[in-house]
Amino acid sequence: MHSISNGGDESAAVARVVFRSHGFVRLQWGSRIESGLFLKSLNPIVGDRVVIRDPQTVPWVIDRILERTSLLKRRDPGGGKDQELAANVDDVWIVTSANQDLNPRRLERLLALVLSSGARARLVVTKADLCPNWDDITSMLGSRFQGVPIHLISSWSGAGVSELEATLQPGLTVTMLGSSGVGKSTLTNRLLGDNRQQTQDIRGDDDKGRHTTTSRELFELPGGAFLIDQPGLREVRLTDAEDGIEQVFEDLAELEMRCRFSDCRHQGEPGCAVASAFEAGEFDSDRWDSYQKLKREAEFARAREAKTTRLRDKERGRKMSKMLKRLYKDRERGDW
Numbered sequence: 025m026h027s028i029s030n031g032g033d034e035s036a037a038v039a040r041v042v043f044r045s046h047g048f049v050r051l052q053w054g055s056r057i058e059s060g061l062f063l064k065s066l067n068p069i070v071g072d073r074v075v076i077r078d079p080q081t082v083p084w085v086i087d088r089i090l091e092r093t094s095l096l097k098r099r100d101p102g103g104g105k106d107q108e109l110a111a112n113v114d115d116v117w118i119v120t121s122a123n124q125d126l127n128p129r130r131l132e133r134l135l136a137l138v139l140s141s142g143a144r145a146r147l148v149v150t151k152a153d154l155c156p157n158w159d160d161i162t163s164m165l166g167s168r169f170q171g172v173p174i175h176l177i178s179s180w181s182g183a184g185v186s187e188l189e190a191t192l193q194p195g196l197t198v199t200m201l202g203s204s205g206v207g208k209s210t211l212t213n214r215l216l217g218d219n220r221q222q223t224q225d226i227r228g229d230d231d232k233g234r235h236t237t238t239s240r241e242l243f244e245l246p247g248g249a250f251l252i253d254q255p256g257l258r259e260v261r262l263t264d265a266e267d268g269i270e271q272v273f274e275d276l277a278e279l280e281m282r283c284r285f286s287d288c289r290h291q292g293e294p295g296c297a298v299a300s301a302f303e304a305g306e307f308d309s310d311r312w313d314s315y316q317k318l319k320r321e322a323e324f325a326r327a328r329e330a331k332t333t334r335l336r337d338k339e340r341g342r343k344m345s346k347m348l349k350r351l352y353k354d355r356e357r358g359d360w
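25 is the number of the first residue of the sequence shown in the numbering used here; add one for each residue after it.
Just so you know, these hints were derived from the structure itself, not from any lab.
Be a bit skeptical, because a hint or two may be false.
[What the hints assert, rightly or not] Only pairs whose alpha carbons sit at most 25 Å apart, straight line, appear in this in silico DSS-like list of lysine-lysine:
#, residue 1, residue 2
1, Lys319, Lys105
2, Lys97, Lys317
3, Lys319, Lys338
4, Lys64, Lys338
5, Lys331, Lys353
6, Lys97, Lys64
7, Lys319, Lys331
8, Lys338, Lys317
9, Lys343, Lys64
10, Lys97, Lys346
11, Lys317, Lys105
12, Lys343, Lys105
13, Lys105, Lys338
As the structure is a computational prediction, the values presented were derived from the model and not from experiment.
Please model the entire structure based on the sequences and the hints provided.
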C-alpha cells in the first residue's frame with residue numbers, strides 16, 4: 025500500500041489498474057484484485073495508480089487518478105481522438121522480428137512515440153534463430169539507433185533472453201510495442217514462466233500477424249517487476265511527439281540548427297548545413313525523408329489539437345452566453 029494524502033479519509037488506499045477492457049477495470053491493492061467502478065470522466069488505463077475510497081467495500085470505487093510518470097499514447101487510427109495505451113511505464117520494449125517485419129522507419133516511429141511518453145526504450149529483435157544475417161542486422165540497428173539498447177533474442181531457444189531479463193529490476197514496469205505476431209506473447213509467457221498468453225505466429229503469405237492479445241493487462245513477474253501486455257499495433261500515428269522525434273533524430277535536428285538561415289528549407293539555399301552533411305555522406309536520404317515525414321505528422325497533430333481546443337472553447341463560450349441570456353430574461357420577468 026502506498027502512502028498518500030487522503031484528505032482525512034483514513035479508509036482510502038492506492039490501488040493499481042491491472043486490467044482494462046472497454047468500460048471494465050480490475051484493480052490490485054496489495055495481494056487483492058477486485059473489479060472497480062469509476063466516473064466516465066476519469067478514464068483510468070492499465071498502469072494507472074488510483075485512489076480507492078474504501079478497500080473493504082467491493083466493488084472498489086475510484087476516487088481519483090494519481091499523477092502519471094509517463095503516458096504512452098497514439099492517435100486513434102479509427103478517429104481523431106488520442107488513444108491512451110499505458111501509464112506509469114518505466115521501460116518500453118519495441119519488439120520486431122528478424123524477418124520482413126524489421127522495418128527501420130516503423131521502428132523510428134515507435135521510438136518517437138516511446139521517447140515522447142517519458143519512458144525509456146529498448147529494441148528487441150525476436151526470432152533471431154531464424155535469421156542468417158545476424159551481424160548485418162546488429163550493425164544496421166546500431167548505426168541507425170545510436171544510444172538505444174538492442175537485444176537480439178530467441179524465445180524458443182532462449183538465446184539473449186537472460187540478458188533481457190537482467191534488466192527487469194523489482195518494481196520496474198515494462199511494456200512491449202510492436203506488430204502482431206512478432207513474438208510478444210511468446211516472450212511474455214517465457215517471462216511469466218507459463219503459457220498464460222495465447223500465441224499466434226506471423227502469417228507466411230503476407231508476413232502480417234494476427235492479434236493474440238485482445239486487451240491490456242498488467243502482470244507481476246517472478247522477480248518483482250511488472251509487465252503490461254497489450255495488443256499488437258497495426259498502425260502507429262503520432263500525437264504530441266515532437267520531443268520524441270527530435271531525440272530519435274538528434275543529429276539531424278542539430279544540423280538544421282546550424283543552417284545559415286532559420287527558415288532554410290534545405291533545398292539548395294546557401295549555408296545549408298544539412299546539404300553539406302548529406303554531400304559528405306554523414307546521413308542517407310531515407311533517414312532524412314523519415315525525419316521530415318514524422319515532423320510533418322507531428323505538426324499536423326499539433327494543429328489538429330489546437331483546432332479542437334478552439335472549437336471546444338467556442339462551444340463552451342456559446343453555452344455560457346446562452347445560459348447568461350436565460351438568467352437575464354428570468355431576472356427581467358422577476359423569476360429570481
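Name the hints, by number, that the structure is in violation of.
3, 5, 8 and 10
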